[in-house]
Amino acid sequence: MMQINTRHEPTETTDLNFFDEQNLSLSEVISALSYALDLTEGQPAGHSIRCCWIGMHIGKIIGLKPADLWDLYYTLLLKDAGCSSNAARLYELYGSDDRQTKRDFKLINNDSSKQVVDFVLKHTSVGGSLISKAKRLINLAKHGEQETVELFTTRCERGAEIAQRLGFNEIIANGIRYLDEHWNGNGKPYGISGTSIPVHSQIALLAQVTDVFFQAGGKFSVLNEVRRRKGTWFNPELVDALCSIEGNNAFWESLSKKELEEEIRQLEPQQEKVPLSENKLDDITFAFAMIVDAKSPFTHDHSSRVADYTIRLSQVFGFSLEQQRELNRCALLHDIGKLGVSNHILDKPGKLTDKEFDQIKLHPLYSEQILQRIKPFSRIAKICGAHHEKLNGGGYPYGLKNEQILFETKMITVADIFDALTAQRPYRDAMPLEKALQIMKSECGTSIDPEIFEAMLQIAPDLELV
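Residue numbers (numbering that gives the first Met the number 0): 0 to 465.
Source of the hints: derived by calculation from the structure; they are not laboratory data. Some clues are possibly wrong.
To be verified - BS3-like mimics (lysine-lysine), calculated; alpha carbons at most 30 Å apart, straight line: (1) Lys229 <-> Lys218; (2) Lys347 <-> Lys374; (3) Lys101 <-> Lys132; (4) Lys105 <-> Lys134; (5) Lys374 <-> Lys400; (6) Lys121 <-> Lys134; (7) Lys229 <-> Lys121; (8) Lys272 <-> Lys256; (9) Lys350 <-> Lys374; (10) Lys218 <-> Lys101.
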């Protein structure tokens, strides 16, 4: 076994002052990471941000106090926090792209039986056989209502749990929990109605529909749709509040902007802001790792395990506690871009087509793009975006070679490969430790840094595998 250095010299771009509380705010982190939620919902980038813009204006029009507006602000940014948790089940039920299914479902009024039937027929087993389509349609006909309630329950309860994991209060958690309830009681999953629905939930749903229809057809499409749903889906008072700014061109023009983050940060009530500490940032990182891992049953706790393995590797190389903390965040968020990949691909039991694999190859790029939105995270973004690069230049998305890949990235890559081999996947069972290590040894010098592999051999006997 080769000798491992007991002290790792930081790579040239390492900055031990990773985190500056003065230059990073809670709203900046949450608004940036909300782009990951847009990915898994199949919405155009910035959906959560735009919903925040819409909802905060409505909240101000109806006279919410600053403390209530602050709760509304984070309800709007995190309304889709539970969205990844039902993706696998949705794919299983419909046999189609879960992101496309979610996106199109937001364009129908499920009070209309005709729209629901048309939606089911159009989205079941897309590209599949007639037998597969028939089986799924029969199952949906028999159990569709029950399955739908379960899908909404999973999403809503998981979203509320994530909000609480982030340290937000019960008001915000409930705002997310009751997002899909309707004014007339025909919503899901609890069927509550009227003023029993938290006002934050009422506003968030109206904001969501407003953005979806604005992106699809513009202002008049929005106004026509919300007026049609006035008194059924929506509180009439809130619809009137939205319609009162029909002539506010600046409001509507903002919904067409590519970047709205700065304007959104200005909408957070200044007197209600809370400081962002190192511990808070760790909580946020872990919560978003939970969102990522909930996307597929085959990635349950994947990010946490990769983080654990990576930290153990870093300790072999003598990383400082500061370096380990930052590396832990990198490992937890390395796959955040997978929220942009359909479960139709992630959970496929057979070999992927070239086109499907092209979609997989986009996920580290998505990870990098999301994390780059947080200015002090530029280095984290670089580390995460390269975790599928190979030493020989045969990786993706950039085709980087050995000397172009940061040492921290190489450790995450080794940890990621190790977990991929030793955990169950849709196309195979988990591998025994010895076989996994044999495969990894064969990849030394091409995909895997030999020095890091030797460190993996040191820590492997003490790891608790899935």
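Are the Cα atoms of Lys229 and Lys218 separated by 30 Å or less?
Between Lys229 and Lys218 the Cα gap is close to 16 Å, so the pair holds against 30 Å.
Given the hinted pair Lys229 and Lys121, is their alpha-carbon gap at most 30 Å?
holds (27 Å)
Need the status of pair Lys101, Lys132: alpha-carbon distance at most 30 Å?
holds (18 Å)
Holds or violated: Lys350 and Lys374, Cα atoms, limit 30 Å.
Answer violated: Lys350 to Lys374 is near 38 Å, above 30 Å.
For Lys347 and Lys374, compute the direct alpha-carbon distance and say whether it is at most 30 Å.
Given pair Lys347, Lys374 is violated - Cα atoms ~36 Å apart, limit 30 Å.
Check whether the Cα positions of Lys218 and Lys101 lie no farther apart than 30 Å.
Roughly 22 Å separates the two Cα atoms, so the pair holds.
Below or equal to 30 Å on CA atoms is what counts here, so check Lys121 against Lys134.
holds (15 Å)
Does Lys374 pair with Lys400 here, judged by a C-alpha cut-off of 30 Å?
holds (26 Å)
Does the alpha-carbon distance linking Lys105 and Lys134 stay inside the 30 Å limit?
holds (25 Å)
Given the hinted pair Lys272 and Lys256, is their alpha-carbon gap at most 30 Å?
The hint holds at about 25 Å.
Going through the hint list in order, the structure does not satisfy hints 2 and 9.
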